[in-house]
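These are the residues of each chain, in order.
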Amino acid sequence: METLGFLLDGFAVALTLESLSFAILGAILGTLIGALPGLGPANGVAILIPLAFSLGLSPTSSLILLTSVYAGAMYGGRISSILLNIPGDEPAMMTCLDGYPMAQKGKAAEALAISAIASFIGSFIATIGLIILAPILAKFALKFGPSEYFALFALAFATLGGITGKNQFKTLIAAALGLMIASIGIDISSGVQRYTYDILELFEGVDFIIAIVGLFAISELFFFIEKHAGDGLAKTKVNRLKLSMKDILLVMPTSLRGAILGFISGVLPGAGASLGSFISYTLEKKVIGDKGTFGQGDMRGVAAPEAGNNGAASGALVPMLTLGVPGSGTTAVLLAMLVSLNITPGPMLFQQNADLVWGVIAALFVGNLVLLLLNIPMVGIFVKLLSIPPKYLMPIVTLVAAVGIYSVSHSALDLYFMVGFGVLGYVLRKVQIPLVPVILGMLLGPEMEKSLRHALLLSDGDWAILFNSGLSITLWVVAILGLILPMIVGPLVRAKMQQKTN
Amino acid sequence: MLKYLPVKSVLAFSASLALLSTSVYAYEPARSAECIAPANPGGGWDFTCRSVGKTLVDLDYVKGNVKTVNMSGAGGGVAFAHTVTKRKKDSALIVAASTATTTRLAQGQFPGMSADQVKWVGTLGADYGVIAVSKNSPYQNLNQVMDALKKDPKSVKFAGGSASGGWDHLKVLLAAKEAKVDNLPQIKYLSFNGGSEALVQVVGGHVDAFTGDISEIKGFLDSGDLRVLAVLSESRLPKPFDTIPTAIEQGIGTIAPNWRGFYVPGGADPESYQWWVNTIDELYATPEWKSIMVKNGLMPFHKTGEEFTQFVDQQTLNIRLLSIDIGLIK
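Heads up: the sequence lines are chains V and G, in that order. Under our numbering, the first residue of the first sequence is numbered 387, with each subsequent residue one higher. Under our numbering, the first residue of the second sequence is numbered 2, with each subsequent residue one higher.
No lab work stands behind these hints: they were computed from the structure. The model shown is predicted, which means the values in this text are computed figures rather than measured ones. Check before you lean on any hint, since a few could be wrong.
Below, a list of computed lysine-lysine pairs in the BS3-like style, where the Cα atoms sit at most 27 Å apart [what the hints assert, rightly or not]:
#, chain 1, residue 1, chain 2, residue 2
1, V, Lys677, V, Lys613
2, V, Lys529, G, Lys181
3, V, Lys529, G, Lys158
4, G, Lys189, G, Lys152
5, G, Lys136, V, Lys525
6, V, Lys529, G, Lys155
Let the sequences and hints guide you as you build the complete structure.
Here's what the structure looks like:
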């Protein structure tokens, strides 16, 4: 009941004109970015973080804007999957399987509408899950001492490979790079400066936001320059929508199952949206069996992965908000945003920033409704936006990034850093080293180090403190499983995904 | 040539006269002023700038607006360096500061910079230091904690929101020094990202005691999870904190205000400095500011001009001596 009261307060925040307009703006921008091939939600949020800074938004408005972008990007990912057979990001891959055949049969509008409805159901159910689960997890708050936190961060690092996957070694390199960058600045446990060479701007370390914007947004610019990708994508036509109530009812059970599966895989650290969409699709194919025409344009084949990946998107917010440990790349980016707004994510967030957390959760509901309403009648406009040549978009992105970064600290040095990280991001992507572990290393590394040193200070140097509670032992066990399972299951899953998409 | 010279000098003379005559009039701030908050939005310095800026405009002290500029880095060092080097003579600039600023100046954490490079305007309130334990703790008062530390400096471990050697850490050491605890460097301090994280650890029973500011503890004080052993102020604070005993009452004469105030560039002309001092004096007395203090948990603490400058010098000196004592600096 208490939760319901908080949620209503949250709606009071989310339904103000200001919040509502940011939710709508975020939803539109997110859909647009998600629809552009190659630009996933993590990039979308990273590109738009500077916008929040340059507009000088309050923490609540910034978060509402960016979570809407996140939700929007998950929606948008399906547009290019269906129309062009090019997934906007990895989770949208499964949507190509039945979405593109539907479009080829002249049912693009129906595929888009069905996927919008399934996306909505996925997000909606998962947001309810978030509301139920998050406060329960937050109540565990006081049980977490330094040794439990250390085990939790170890768990997060152990499951890193699961998130981004293909090459564990490259993930390790990326995470190590993040840890190295994170060691720059004051060591708060001793007050000593590390690797700062008396450069004042480095005393507090390298700002996550600068690193994120550089790695994701600026490197995108370099890729754009390299490809001379000046022109828009192939124009596609969308037919007039003919969707009956019967069709909607047909995909209902599929969407519900997908939503729940998606939510669960989102909550698990490391699993994320790709797994959500994959298992939803696979399960649905098993459940329906021969009665369906999966792979040849079955509506349920569009609904299942969409409900799954949107459910996972909301599910991934649970560990991020309650424990300060992100379950996916995008939530890592959102976490960095929170930290730079002086909001400490983790157990206390629900007590100290209740209005913010519940405002954002309510905004997720509002955002999803907005997305549904936008996506059905306005899908034609989004399709048109897809044909805007990037030569007009990229300069805007670069401008917003530069203005936003400058407005955080008013330091030109930060702009050089941003460009530096852009170059780094470009190089890393060229050699196929994933970017998300770099960010996670930067975010979690200092916390992990701090927890370990605190634990040892408390025990006067006795390492046994790391395993002295049931909670920490449980976390270690999960961490070990999280490290080993993806090595066994991961290649199988990916092989099957590959098999299906080919 | 000669003919023209007098004309020129007359012109020059009258020009300098004109300049002189303007400076004879009391200083009027330019239409707008700028307040640098040396941290990201959302923290204490940001609050100082925004609330003072807004009140100055609302009460018509400044005709235009007071723009808050966030300039984070080096715990205020980037903004300090910016003020000292690039804005030396800017009369329309104020910079938010607090005890964290003097602590870092005292410990030489702004390399090559010192407190006398800027002019210290005044304070508009303070957040007093507290030492607290969880409700299940065996310690009932500050003396019991100090006695335990005298027997074994490692026996009570403290959690706080500042870095090691920062203000929250120093508060404990100031009190322990006053209580004649030996071996100050052996007292264990765990540094967290902010007071709230540290509090959770203390209330959760993971760390023995909390050191922080009074504004940080209200939530847990109300819920009864926290026992505040002492507040480090001259006398008891106003309600609802009036039940908390001071350290002085318990025979430990430590006062630890985390003041909130401003400095202006060292080269700002004396008239403008005086204008800011007077304005801060007047602002502090207004009911508008009083209500902001109550709403945000700021306690009375007001010093301006010469008195404040001496206070900053004294505080910097004390912190430097203590930091040398505990081996933090040489």
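Here is how each hint holds up against the structure:
1. Lys677/V - Lys613/V: Distance ~45 Å between Lys677/V and Lys613/V Cα, so the pair is violated.
2. Lys529/V - Lys181/G: Given pair Lys529/V, Lys181/G is violated - Cα atoms ~35 Å apart, limit 27 Å.
3. Lys529/V - Lys158/G: The given pair, whose Cα atoms are some 18 Å apart, holds under the 27 Å limit.
4. Lys189/G - Lys152/G: Given pair Lys189/G, Lys152/G holds - Cα atoms ~14 Å apart, limit 27 Å.
5. Lys136/G - Lys525/V: holds (18 Å)
6. Lys529/V - Lys155/G: holds (23 Å)
Of the hints listed earlier, those the structure fails to meet are numbers 1, 2, in rising order.
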